[in-house]
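S.K.: With chain A's structure known, arrange chain B on it following the hints.
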Amino acid sequence: MPEETGEVRERFRPLLRAVGVGKAFVGNRVLDGVDLDVMPGEVHAIVGENGAGKSTLIKILGGVYQPDDGQLVVDGEARRFRSPREALSAGVVVIHQELSLAPSLSAEENIFLGRFPRNAFGVIDRGLMRAHTRQVFEQLGITVAPQDIVATLSIAQQQMVEIAKAILADARILVLDEPTAVLDENRVDILFATIERLRAKGIGIVFISHHLEEIFRIADKVTVLRDGRVTGSAKVAEVNQDWLVARMIGRSFVAHEPHARRVRQPALAIRNLSVPGEVSDITLTVSEGEIVGLAGLVGAGRTELARSVIGLSGPVSGAIEVFGRTVRIRSPNAAARLGIAYVTEDRKAQGLLPNRSVRENATIANLRRFARWGILRLATEARYAREMVKRLDVRLASPGVEIRTLSGGNQQKVLIGRALAIEPRILLLDEPTRGVDIGAKQEIYAAIERLVADGMAVMLISSDLEEVLRLSDRIVVLRRGRVAATLSRAEASESAIMRAAALAA
Amino acid sequence: MPPKSRIALGATSIARTWQRLGVLAALVLLVIAASLLSHRFLTVPNLMNVLRQVSIVGILAIGMTFVILARGIDLSVGSILGIAVVLFAGSMDSRGMLVSIPLGMGAAALAGLVNGVGVAYGGLPPFIMTLGMLSFARGLAFIYTGGTPIPINNESFYAFGNGYFAGVPIPSLILIATLIVSGFVLQLTPFGRSVYAIGSNDEAARLSGVPVKAYTTLVYVISGFLAGLAGLVYASQLSIGTPIAGQGYELDAIAAVVVGGTSLFGGKGSVAGTFLGTLIIGVLANILNLTGVDPFVQQLFKGALIVAAVFIMSRTKR
Chain A
2 MPEETGEVRE RFRPLLRAVG VGKAFVGNRV LDGVDLDVMP GEVHAIVGEN
52 GAGKSTLIKI LGGVYQPDDG QLVVDGEARR FRSPREALSA GVVVIHQELS
102 LAPSLSAEEN IFLGRFPRNA FGVIDRGLMR AHTRQVFEQL GITVAPQDIV
152 ATLSIAQQQM VEIAKAILAD ARILVLDEPT AVLDENRVDI LFATIERLRA
202 KGIGIVFISH HLEEIFRIAD KVTVLRDGRV TGSAKVAEVN QDWLVARMIG
252 RSFVAHEPHA RRVRQPALAI RNLSVPGEVS DITLTVSEGE IVGLAGLVGA
302 GRTELARSVI GLSGPVSGAI EVFGRTVRIR SPNAAARLGI AYVTEDRKAQ
352 GLLPNRSVRE NATIANLRRF ARWGILRLAT EARYAREMVK RLDVRLASPG
402 VEIRTLSGGN QQKVLIGRAL AIEPRILLLD EPTRGVDIGA KQEIYAAIER
452 LVADGMAVML ISSDLEEVLR LSDRIVVLRR GRVAATLSRA EASESAIMRA
502 AALAA
Chain B
5 MPPKSRIALG ATSIARTWQR LGVLAALVLL VIAASLLSHR FLTVPNLMNV
55 LRQVSIVGIL AIGMTFVILA RGIDLSVGSI LGIAVVLFAG SMDSRGMLVS
105 IPLGMGAAAL AGLVNGVGVA YGGLPPFIMT LGMLSFARGL AFIYTGGTPI
155 PINNESFYAF GNGYFAGVPI PSLILIATLI VSGFVLQLTP FGRSVYAIGS
205 NDEAARLSGV PVKAYTTLVY VISGFLAGLA GLVYASQLSI GTPIAGQGYE
255 LDAIAAVVVG GTSLFGGKGS VAGTFLGTLI IGVLANILNL TGVDPFVQQL
305 FKGALIVAAV FIMSRTKR
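Sequences listed follow chains A and B, in order.
Number 170 in the working numbering belongs to position 169 of the first sequence; there are no gaps in the numbering.
Number 217 in the working numbering belongs to position 213 of the second sequence; there are no gaps in the numbering.
Hints listed in this document are in silico derivations from the structure and should not be mistaken for laboratory results.
Small disclaimer: the values here were computed from a predicted structure and weren't measured.
Accuracy of the hints is not assured; some may be wrong.
[Unchecked claim] SDA-like cross-link-like pairs, simulated, lysine to any residue; straight-line CA separation at most 20 angstroms:
hint	chain 1	residue 1	chain 2	residue 2
1	B	Lys217	A	Lys60
2	A	Lys60	A	Arg30
3	A	Lys391	A	Ile330
4	B	Lys217	A	Leu313
5	A	Lys391	A	Arg373
6	B	Lys217	A	Asn334
7	B	Lys217	A	Val31
8	B	Lys306	B	Pro106
9	A	Lys442	A	Gly401
10	B	Lys217	A	Ile330
11	A	Lys60	A	Asn29
12	B	Lys217	A	Ser332
13	A	Lys349	A	Ala335
14	A	Lys349	B	Val216
15	A	Lys202	A	Ser155
16	B	Lys217	A	Asp228
17	B	Lys306	B	Leu114
18	B	Lys217	A	Leu141
19	A	Lys349	B	Ala289
20	B	Lys306	B	Ile316
21	A	Lys60	A	Ala79
22	A	Lys60	A	Arg173
23	A	Lys236	A	Arg18
24	A	Lys349	B	Glu207
25	A	Lys202	A	Leu141
26	A	Lys60	A	Glu99
27	A	Lys60	A	Arg230
28	A	Lys60	A	Val74
29	A	Lys202	A	Val75
30	B	Lys306	B	Asp97
31	A	Lys391	A	Ser358
32	B	Lys217	B	Leu242
33	A	Lys60	A	Arg331
34	B	Lys217	A	Arg331
35	A	Lys60	A	Val31
36	B	Lys306	B	Gln57
This is chain B alone, in the form it adopts within the complex:
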């Protein structure tokens, strides 16, 4: 028995290493291919451009990772981003940044709280609860703006989406800071550890004394809050608050999480993986742009990538 189980253990650890390295390896391969396909790819301005382009979806995807790790899903992040954006725009010129930013972020976190309470305490399936919020928050954004985009005239706010710090785009720095804090929380705090436990077996977590309902709620609050943060970057980049901001972004975020190796069945994955997944999708889009591939055709590549990534991961499992 022992030799056999040792072999089995060896096999699983190889599979796990491959899973972890697999995402990274895929990114490296993609970068090599991209630099061969276009001499413009491996240039600092282009790479910085990629990094800036992925920051909004990247931030959303990190929030989504929390939810998916806890075996949930958050379909409302695009709409929550939208409501944050219109609130930023609506209050920025009249009240200033110091009021406007907490207002928009607070509203986003509040929407997350509603999701979390509905799921954890109301017992609603996450899919349904956040589907409802997707529609509801979008509706509020339209009502608030009356359907017309609101312009933002604030020089210092403009920096969040467009500025550079030490040559790196500020939105990318926001993404990286989010990544580091989230990784820290998930790997090194009792809360983070409990999120994995809830996703792995919520009943076992409950019996172990994990405050499952409170933590499940918190996970959606985090997702909502980060959608607000992504909204901050969005509003700043465009300097305009449009009620359709972030439409469909939830699916891009889910795609990044999945490509990054996080299991939709919960309890397995990491924000580092999600970050790599975000980059893979971003680099793919970039190289398709650089080589002049029709945007319609680009959609095909993206779709194929998502399916292929999950297919490969399901093969390497076990």
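Okay, chain A solo, but in the shape it has when bound:
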């Protein structure tokens, strides 16, 4: 049966291969000798910690970056994509977490955007467009009406539309970049059903996810990246979670000296707190003089928890106690009066007053403190700014300069200084060292430790495992809005956190 042999050979030739792909940015190697094979009808998962090189690899596959060494082979032919357009024409489509649909257009218009079918009069042939859309939706089991406006669709449905768009553009390799990060569990099932159909069509799929159990549900093969290198590649059926976690972490973690901290009375106690759609049934306590780390994947509900504590989410159920008193906090102002300060993870959008001075940025959260009879005492304010600059080791020419002229690390210190201006007893730090260079990181750690030594209760939200492990007395791991584990300093390790954060219980 020669025909079948041919088909078998076809099935065993990779659609896409990456051979020894490497990439460096200003001398910093982010990918090194990465090999990857994607067969037709195969789901190939890529896993790795933040910074392992996953997104660089995706960008190379999608034609955004060009590899410094190694090559991409599509259908047995070496290719060099100089743009996403070229990747597209070779049949490689990357579906990013942030979808790229036009929200005010319909599903079918999005699918045919830029290549509308025309009839004899040069007018868009809506009938043809709808027929094609219907057909592909049916094939993929998508239950969206072609004429629905994208803005009215759920994120999951929008993903489907984007996948359908790729298929109609003759994609043969789909790269799905953390598609489940924005989906709740039921929607994940729907997505996986679609992926099954794509697989049956012979499409090759590269699937990125932080959730390891998803790998075991959907993937055929898995490649683990760490520090830009492949640390393992195997058939999913032949490995288990321990195998994956071991290859993701790799290095053994050096425990830091436990700090001689005097933990005093409970400062913030959260009991069975739920915010619909964000977090559910969270219970945790932060005491004076202690740091409680809040770990978890992006989207696990850590920021949402902090925001609900300072009164920024709508109705919540459960209770919050501050120094033993049950309170209802309805605004950041109310939180401040109770001695709770929050430092945002999103400096640019929610933190900085970019074109105002460092001084004004430092005092905006508690202007009342610097006013008497409703008039600002500029000298008092300037003194606070100078002291804050000294205390937090902010590097700048003068507190009068606009904050946007400072480096990220120094901006962050000023925002911590802003929180301290309300003289808080409870400090919620959300990713305090994101986008901060290593030197400034150490300075921020030192500042946090000094505050804690003086009795501050700190809740530290961080995706940087080393940071959480280094600073925290206890670590609470959230997963999909729930507490997945509470780890003591002795129990905590990168693998324990990763397991709790990424695996189903």
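M.R.: Coordinates of chain B only, in the frame set by chain A:
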């Protein structure tokens, strides 16, 4: 790194000084040019005349500065001025000044309150909300008067627009008092500081505990109130309440704010700058009048001035 950032800081501070001095320097240059072009320019009566002529738009522009600093816009100030004017005129002779003035000013502040609530609590874009008020308030002024101007016969009211105190026109004194109080509020009160913060990044201000909605509302109330005050000067100067009073003044006010160096993107600027901007436009108009330039051509100068001022400022930034 440190030397480089120090240079960068030096550069920005030079740019900022230039920005601040730039408006003043432009005014000085303009005054020098004006005095060379006409010997009548640099005389006390003429300068007092300029000062009186700019007072109405100057007061409006100060209110506008509050709104623009908070990253808003108020297109309705001309119409709010109009409604205040017809209310002053309609009640002055029958009820007297003590009732009439609070009535007109109160109505103006109320219109500002409606703007503020619509923007801050209703979530309407400032442009749309105040565009609606521009039409609505003007309509009310026409309805109230039936389209006919109402004369005012009140000797003491006449002084607000036409009197002098220590040789200075009273409307100019009202403008200067407004300037001083506004400058004080913006620079030295928590509210003023918060207005800058809201304009710079309202989300950050909110997270910092600034009552963003209340303060945003207040900013429009101030703008409305000052439009009422400008209306007081207007009604007094003309001694007549016409429903078309203040038509188009909103654009003159915005022009003065912009020429004065306040950023339309919020968070940057001052009422002192606005005052200088008002004077620049006023002096330009004055010298064009003195040298007998066709009023139609004067419009060209004004338009060019606005664009040039903003262009220069965008160059000196950063």
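S.K.: Given the proposed pairing of lysine 391 of chain A with isoleucine 330 of chain A, does the C-alpha separation stay at or below 20 angstroms?
M.R.: Violated, at roughly 32 angstroms.
S.K.: Between lysine 60 of chain A and arginine 30 of chain A, is the straight-line Cα distance small enough, at 20 angstroms or below?
M.R.: 15 angstroms, holds
S.K.: Holds or violated: lysine 306 of chain B with isoleucine 316 of chain B, Cα cutoff 20 angstroms?
M.R.: 15 angstroms, holds
S.K.: Quick one, are lysine 391 of chain A and arginine 373 of chain A close enough, alpha carbons at most 20 angstroms?
M.R.: 25 angstroms, violated
S.K.: If you draw a straight line from the CA of lysine 60 of chain A to the CA of valine 74 of chain A, is it 20 angstroms or shorter?
M.R.: 15 angstroms, holds
S.K.: Within a Cα-Cα threshold of 20 angstroms, do lysine 60 of chain A and alanine 79 of chain A meet the stated pairing?
M.R.: 17 angstroms, holds
S.K.: Could you grab the alpha-carbon distance between lysine 60 of chain A and arginine 173 of chain A and see if it respects the 20 angstroms cut-off?
M.R.: Since the Cα atoms of lysine 60 of chain A and arginine 173 of chain A sit roughly 17 angstroms apart, the hinted pair holds (cutoff 20 angstroms).
S.K.: Does the alpha-carbon distance linking lysine 217 of chain B and leucine 242 of chain B stay inside the 20 angstroms limit?
M.R.: 38 angstroms, violated
S.K.: Take a quick look at whether lysine 349 of chain A and alanine 335 of chain A sit within 20 angstroms of each other, Cα to Cα.
M.R.: Outside the cut-off at roughly 24 angstroms; violated.
S.K.: Has the given pair, lysine 217 of chain B with isoleucine 330 of chain A, been kept, meaning a C-alpha gap of at most 20 angstroms?
M.R.: 18 angstroms, holds
S.K.: Within a Cα-Cα threshold of 20 angstroms, do lysine 217 of chain B and aspartate 228 of chain A meet the stated pairing?
M.R.: 47 angstroms, violated
S.K.: Given the hinted pair lysine 306 of chain B and proline 106 of chain B, is their alpha-carbon gap at most 20 angstroms?
M.R.: With a Cα-Cα distance of about 35 angstroms, the restraint between lysine 306 of chain B and proline 106 of chain B is violated, given a limit of 20 angstroms.
Hints 1, 3, 5, 7, 8, 9, 13, 15, 16, 17, 18, 19, 30, 32 and 33 from the earlier list are contradicted by this structure; the remaining hints agree with it.
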